[in-house]
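Chemist: Single-letter residue listing:
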Amino acid sequence: MPTPNDARCFHCGQDVPTGTHFTANIHGKEQPMCCPGCKAVAETIVASGLVHYYKHRQSDTTLPPELSGEHLPTSVQDELLLYNNSSIQKDFVSEVEPGQREAVLVIEGITCAACVWLLEHHIVKQKGVIQASVNLTNHRARIRWHEDEIQLSDIMSAIYRIGYQGHPYHPDKEEQLLEAEKKRAIRRLGIAGLGMMQSMMLAMALYAGALQGIEPVYEAFIRWVSLIIATPVVFYAARPFFVAAFRDLKTRHLSMDVPVSIAIGGAYLASLAATVLHTGDVYYDSVTMFTFFLLIGRYLEMQARHRTGRAGNALLNLLPASATRLINGNETLVPATELSVDDTVLVKPGHIIPADGIICAGNSSVDESALTGEYRPISKHIDDAVVGGTINVENPIHVRLSSVGTDTKLSAIVRLLDRAQQEKPTAAKIADKVASYFVAAVLITASVVSFAWWQIAPDNAFWITLSVLVVTCPCALSLATPTALTAATGTLRQHGLLITRGHVLESLSTATHIVFDKTGTLTQGNLSLSATVPFLQHTAEEALAIAAALEAHSEHPIAKAFHRFGTQAADEIRATLGQGISGLLEQQEYRLGKPGFASALCNQEISYEHAPDQDGQWLLLCNENAPVAWFCLRDQVRPDVPLALKHLKRLGLTISMLTGDSSSAVSTVAEELAITDVISNASPQDKLAHIQQLQSRGAQVIMVGDGINDIPVLAGAQTSIAMGSATDLAKTNADAVLIGSEVACLVDAIILARKTQRIIRQNLGWAICYNLLALPLAALGFVAPYMAAIGMSTSSLVVVGNALRLTRLSQRKPPNTGKKSR
Amino acid sequence: MEILFFLIPLAVILTSAAVWAFFWSVNNGQYDDLDSPAHSILYDDDDDLIPNEAKQGKK
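Keeping their order, the protein sequence lines are chains A and B. Residue numbering for the first sequence follows numbering that gives the first Met the number 0, starting at 0 and increasing by one per position. Residue numbering for the second sequence follows numbering that gives the first Met the number 0, starting at 0 and increasing by one per position.
There may be inaccurate statements among the hints.
[As the list claims (entries may be wrong)] Listed next, the in silico SDA-like pairs over lysine to any residue satisfying Cα-Cα at most 25 Å (straight line):
| no. | chain 1 | residue 1 | chain 2 | residue 2 |
| --- | --- | --- | --- | --- |
| 1 | A | LYS54 | B | PRO36 |
| 2 | A | LYS181 | A | ARG297 |
| 3 | A | LYS645 | A | GLN635 |
| 4 | A | LYS181 | B | SER39 |
| 5 | A | LYS54 | B | ASN51 |
| 6 | A | LYS54 | B | LEU48 |
| 7 | A | LYS648 | A | GLN699 |
| 8 | A | LYS182 | B | ALA37 |
| 9 | A | LYS754 | A | LEU497 |
| 10 | A | LYS645 | A | ALA610 |
| 11 | A | LYS181 | B | ASN27 |
| 12 | A | LYS28 | A | HIS51 |
[To be verified] Covered, in the sense of this in silico footprint (three residues per stretch, anywhere, with C-beta under 8 Å from a C-beta of chain B), are these stretches of chain A:
| no. | stretch |
| --- | --- |
| 13 | 133 to 139 |
| 14 | 178 to 186 |
| 15 | 189 to 196 |
| 16 | 219 to 229 |
The set of hints was computed from the structure by calculation and includes no laboratory data. Using N, Cα and C, we set each Cβ at its ideal position, and we do this for glycine too.
With the sequences and hints as input, model every part of the structure.
Modeler: Pasting the structure below:
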């Protein structure tokens with residue numbers, strides 16, 4: 000029975016290719032699977048009794064596993080075995096008790112809470128594992144095990160087997176600082192919260208006393224206790240405001256921290272004086288509540304910022320952890336960090352080249368997609384230079400290393416990028432502009448008021464000036480932006496766009512141009528089978544099964560396009576560089592590759608002119624007697640792109656495509672997507688120049704890309720967005736990441752960004768209105784402390800409530816992308 | 000109302016105990032992952048503990 004065309008893989012949610020019949024038994028039902036890799040992972044999950052995973056997970060899409068088959072490839076296993084080496088373990092494994100070890104791993108592939116559940120349960124089921132806890136926020140797993148019962152490599156291969164990847168976690172300095180900052184912020188929030196509740200309770204007694212009368216001895220006592228409670232709030236919780244205000248004053252720059260510090264510090268000192276001298280009013284409740292509200296705003300802002308904290312592991316993932324060093328012909332597996340210049344290393348097919356060097360033996364082709372975005376391998380011969388971080392595809396090669404560590408080309412690109420980022424045009428933030436005007440206005444008003452009252456009634460001058468400062472305290476104003484940004488960022492994250500820099504929502508809303516890279520962004524970035532044309536005596540399915548058997552063990556991008564059609568491998572497989580592959584299957588020899596190479600087997604002359612059409616890359620499969628089938632491979636346009644582009648145009652954006660590709664595929668894609676502004680054959684410098692030219696004409700540019708060659712242009716655009724499948728380096732340096740690589744999310748993002756700007760303006764407007772209203776009353780001396788406190792908290796709540804509309808609204812409006820077949 | 004002289008300091012002492020407990024839990028990593036515990040409680044992996052009769056009653 001043929002699989003219906005619209006079937007989706009039960010495990011990863013991708014379309015099941017026609018002509019395949021992989022299924023796995025889940026909940027007693029045979030479910031469709033797209034490839035042997037998903038099948039193996041699903042069967043492992045079911046076999047460990049963790050089938051509930053499929054019920055719990057929130058989206059029906061996960062990343063498809065990188066590995067196919069139940070048994071891990073030996074290359075992966077060798078590398079994992081290396082982690083048992085104690086010299087490598089000393090960086091990330093600690094001995095907690097004799098015989099018990101603990102390690103922290105970074106897990107790739109976690110998408111939702113169900114992944115965490117699955118990982119924790121699966122790891123704990125391994126014999127010898129004592130404890131495993133996985134953190135959903137930072138994707139770290141803390142695992143503890145008995146040293147003599149299980150090896151670390153076994154635990155890591157167990158993680159691989161359910162479709163995730165574990166890497167050792169080396170916290171760098173910056174990340175440790177972030178962690179400490181976060182803990183400090185939570186402690187401050189706690190102190191301020193507890194202090195606020197206590198002083199509010201005591202303030203109630205004072206307010207009641209002010210209305211009904213209270214014995215002075217109790218009033219004094221309650222004031223002293225309030226002082227004790229407010230002191231740690233001011234000196235510990237509110238410390239960051241004072242530090243920042245002091246720093247800003249030194250650089251002669253008015254920020255929101257200045258009036259905040261004046262209000263907190265002034266109100267605290269005045270209340271202190273009132274308590275000691277038994278006169279005037281106390282504002283302890285306002286001080287603590289003010290601090291608490293502001294700290295909430297800061298905390299939300301910080302959390303959004305910290306989501307990018309995974310940058311520390313970006314480079315580490317690209318470079319291999321192990322390398323095979325050759326000394327006098329003897330192979331030894333060593334950690335990549337121990338390599339030095341002039342070492343000779345052996346790089347097997349499918350392995351990453353550990354550092355920059357020159358080929359000294361062997362011919363092969365190298366996949367440089369990490370550097371250039373070009374997915375087709377480039378052939379390399381003796382004396383050609385190869386770059387660390389790229390992947391060797393076809394044959395084993397010996398490489399003499401020319402530079403290692405920070406001298407490599409990859410590290411150089413990172414340095415180049417820092418420069419590009421400094422030159423980037425900055426998006427001005429409205430909140431900052433408003434803040435500095437506001438601060439100046441408040442300070443001027445307060446001094447005018449105090450001067451006026453000094454003339455009229457010197458006794459009241461101090462208290463009235465203070466109440467002006469407390470009433471106008473920019474609590475609502477400073478909450479206006481962070482709450483709106485946090486709400487919008489959270490909503491977008493649920494819809495598949497991870498925002499990692501603060502200015503994105505603002506620059507998205509003002510964007511006029513959107514520029515796409517072609518390979519890997521508009522298209523899928525790898526070859527996939529678009530047509531199978533069998534010759535008379537064969538069916539398409541037979542032909543595909545034969546092709547899959549021939550290509551089963553190859554890591555070549557062409558071979559990968561066939562992997563999902565079968566698991567059986569042919570015998571005596573031989574690859575001919577740049578020509579094709581041959582092998583034996585059921586006593587019959589087959590060849591697959593360029594038409595000339597393949598047809599030589601059956602003594603016929605077939606060339607590209609005989610192919611069904613001239614688009615795409617055609618491969619011919621022949622046996623000893625006759626040709627069997629033509630296969631057409633193409634880099635196909637992502638399915639959601641055409642609709643998304645239409646929506647973007649309707650939003651008024653100009654769409655362009657920039658690509659380093661110069662082939663006919665460029666015009667095919669441009670025509671298919673109706674993009675008129677196309678620049679092909681562009682180097683990274685050309686791309687950057689094009690964007691800068693647009694910017695000089697006043698355009699606000701969004702750049703969407705995926706490769707390392709896109710990084711300079713990503714850094715140059717006002718907003719840069721990386722695809723979820725992009726290289727790690729591109730992702731960590733982009734302002735936002737499309738998690739599921741769905742371009743349609745951009746449409747939602749732009750709509751929501753515009754809405755966010757509206758909400759921020761409303762919030763700022765409201766906060767300023769409130770202040771304008773309260774200011775004259777306070778200046779005339781009509782505002783008692785409790786009125787100031789009530790007014791302040793109401794205006795803050797209005798702002799927060801308004802910001803929350805950003806989450807509600809977009810939930811009601813379903814995103815254009817969410818139409819999964821369910 | 001002399002009782003206030005006892006009760007309010009008592010409240011302050013209790014608050015400081017709460018602050019101590021809060022600091023302890025932050026430093027102990029209780030606030031490191033605020034996302035997954037909210038979900039994990041909903042995952043019923045206790046099917047084998049539910050008696051068969053009860054299971055049929057569910058559906």
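Chemist: Name the hints, by number, that the structure is in violation of.
Modeler: Failing hint: just 10.
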